[in-house]
Amino acid sequence: MDGNTGLVLPEGHVAVILNGNVDSTMYLSKATSNSFIFCDTTYTDDNGFYFFTNLMPGDYLLTTDYQGNSEFSNGSLTLSINTMGTYVVNANVPLVQSQFMAYKRVDKAEAQIGDTLTYRVYYQSVLSALPDSVSIWISDPLPPEVEYLPATARMTTGATFVSFDSTNNAVMFKRNGIPQLTLDSLIFQARVRTDLHAGMSVFENVAKVYNANDTASTDNDSRSRAVTRVVVPYLLIQKNVNRRVAQLGDILTYKILLQNRSSLPTDTLNELYLTDILPLGFKYKSNSSYCESEPLSDPLVIESERGQMKMIWQLPETLPPGGSCDITYRAIVSMNAHFGENDNLAYATAFIANGDSTQTSTAKATVVVKPGFLSDVGFIFGKIFYDLNQNGEHDLGEPTAGNVELISETGIHVVTDEFGKYSIPNVRAGRHVLRVNRKSLPDRTHVLLNSADYFGDAISRSVDVSPGGMAKANFALEQEVDVSMTITEISTLQMTQQPLTEDFRQIVYKPWRTTFR
187 MDGNTGLVLP
197 EGHVAVILNG
207 NVDSTMYLSK
217 ATSNSFIFCD
227 TTYTDDNGFY
237 FFTNLMPGDY
247 LLTTDYQGNS
257 EFSNGSLTLS
267 INTMGTYVVN
277 ANVPLVQSQF
287 MAYKRVDKAE
297 AQIGDTLTYR
307 VYYQSVLSAL
317 PDSVSIWISD
327 PLPPEVEYLP
337 ATARMTTGAT
347 FVSFDSTNNA
357 VMFKRNGIPQ
367 LTLDSLIFQA
377 RVRTDLHAGM
387 SVFENVAKVY
397 NANDTASTDN
407 DSRSRAVTRV
417 VVPYLLIQKN
427 VNRRVAQLGD
437 ILTYKILLQN
447 RSSLPTDTLN
457 ELYLTDILPL
467 GFKYKSNSSY
477 CESEPLSDPL
487 VIESERGQMK
497 MIWQLPETLP
507 PGGSCDITYR
517 AIVSMNAHFG
527 ENDNLAYATA
537 FIANGDSTQT
547 STAKATVVVK
557 PGFLSDVGFI
567 FGKIFYDLNQ
577 NGEHDLGEPT
587 AGNVELISET
597 GIHVVTDEFG
607 KYSIPNVRAG
617 RHVLRVNRKS
627 LPDRTHVLLN
637 SADYFGDAIS
647 RSVDVSPGGM
657 AKANFALEQE
667 VDVSMTITEI
677 STLQMTQQPL
687 TEDFRQIVYK
697 PWRTTFR
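Under the numbering used here, think of the first position of the sequence shown as 187, with each following residue one higher.
Hints listed in this document are in silico derivations from the structure and should not be mistaken for laboratory results. Note that CB positions come from ideal geometry on N, CA and C, so glycine has one too. Any given hint could turn out to be false.
Computed cross-link-like contacts, DSS-like style, restricted to lysine-lysine with a CA-CA straight-line distance of at most 27 Å [stated by the list, open to error]:
#1 K658 x K607
#2 K471 x K425
#3 K569 x K625
#4 K471 x K441
#5 K425 x K550
#6 K550 x K441
#7 K469 x K550
#8 K550 x K294
#9 K441 x K469
#10 K569 x K607
#11 K425 x K294
#12 K496 x K550
#13 K658 x K469
#14 K556 x K469
#15 K658 x K625
#16 K441 x K556
#17 K550 x K471
#18 K471 x K556
#19 K496 x K441
#20 K496 x K469
#21 K360 x K294
#22 K658 x K569
#23 K471 x K496
#24 K425 x K441
#25 K496 x K425
#26 K556 x K496
#27 K658 x K556
#28 K556 x K425
#29 K625 x K607
#30 K469 x K425
Pair ranges (Cβ atoms, derived) [claimed, not checked]:
#31 A356 x P317: 18 to 28 Å
#32 M521 x V487: 16 to 26 Å
#33 G655 x K550: 27 to 37 Å
#34 S652 x N577: 19 to 29 Å
#35 A277 x P336: 47 to 57 Å
#36 D650 x N577: 16 to 26 Å
Take these sequences, add in the hints, and give me the full structure.
Next comes the structure, spelled out in structure tokens:
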């Protein structure tokens with residue numbers, strides 16, 4: 187019942203624990219002792235009632251284990267039964283309501299080792315307002331599975347951070363006075379320890395709000411408890427990269443640590459497979475894999491349709507309990523890499539001696555790709571060929587033209603090779619003009635005007651180069667053909683004048699025809 191009002195609390199599932207010293211001599215004729223310990227437990231129904239039956243004479247202590255959703259502390263009641271018989275004893279256990287209500291939240295119900303947890307504590311004064319002369323304390327003893335992150339506490343203007351007790355792993359806050367039913371809150375962060383043993387761990391974080399005059403505790407309220415479940419895998423993975431910032435063309439070194447976290451001698455890990463997924467545009471460098479400084483065979487590479495690489499290594503050795511191994515490899519940041527953050531993901535799988543499989547969490551290493559010299563310039567390439575069927579494409583069997591000179595608007599000169607190909611590296615981004623040196627073309631050859639990129643004279647065309655990109659500019663040629671002919675008739679052109687007005691006349695050309703044989 188409510189210790190302040192005397193009314194029954196209609197709250198079910200409150201544990202009531204009975205402990206007693208029973209006088210055995212009153213009903214056992216051959217008892218060797220005057221008393222023995224008796225204990226029992228029951229729960230209240232939805233109306234707040236409970237009962238124990240068949241109790242023997244003795245002294246009893248009733249206590250409650252309150253885990254409800256209200257602000258009441260645990261209560262207790264002593265009870266003596268002196269005579270044998272059948273009768274009913276009313277034993278109302280008073281519960282004292284706390285001045286405060288508190289409840290706590292955590293952002294992750296499931297976490298992994300090394301994860302950061304954000305805790306938030308809400309509290310308010312439910313019975314009455316408290317003046318500024320009254321100090322309100324918020325205590326949060328953290329479970330041993332987590333460690334407090336300094337300088338992460340955030341509070342309203344009314345509250346202050348007091349201290350962190352490293353011995354008890356407890357965080358303490360303080361506030362002076364609070365209006366009635368005004369909800370306040372504070373936030374801080376803690377990290378799941380990385381040295382937890384393999385297996386599953388469930389830990390509870392309980393916050394308590396109180397003042398010097400408050401005999402009831404808010405930590406009996408189930409809402410003041412934040413629970414997190416952590417599964418620590420047998421196999422741990424960590425990943426890092428030698429450079430946080432890179433440019434196109436850079437070569438990066440990735441390092442992966444695998445560790446068997448079990449302490450049992452039978453938990454040797456076998457058949458270890460490492461899977462690594464490179465960001466789009468990152469390419470694995472052949473013959474760059476090492477395991478504990480020993481060369482490791484190149485991984486199986488599976489390339490997606492977008493060009494992203496997924497690599498799988500089968501590691502050669504087993505991993506004993508407590509053992510670890512380092513794997514390193516290199517990757518090239520190609521021209522297709524995206525600017526900004528690029529995440530590299532990795533995970534590993536293995537089998538334990540009993541045949542069960544285990545898998546690590548996914549480790550991540552992030553590289554920021556920024557524009558650099560190679561990203562500000564581009565690359566122009568192409569070929570010069572005879573387009574015999576004039577379809578604009580270099581088809582099989584169509585000859586090419588070597589030793590043809592091209593000149594850019596910046597004065598760059600290049601000459602095609604024996605296959606008619608040319609290239610111009612390190613070209614600034616933007617629009618460029620390439621012009622064919624007409625004197626370098628083979629005899630009786632001219633450039634076909636077959637693209638909108640030409641400037642009307644067929645030997646000059648524009649090329650658009652994107653930053654860090656490549657642009658192709660081909661030139662199609664046509665060769666003049668000699669035609670032998672004999673003139674058998676002389677063509678004549680007859681003209682007549684027709685008067686239009688007295689001052690103007692129109693010259694009329696009659697049709698004429700030329701015949702060649």
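(message) Let me make sure I understand: some of the numbered hints might not hold for this structure. Which ones are they, in numerical order?
(response) none
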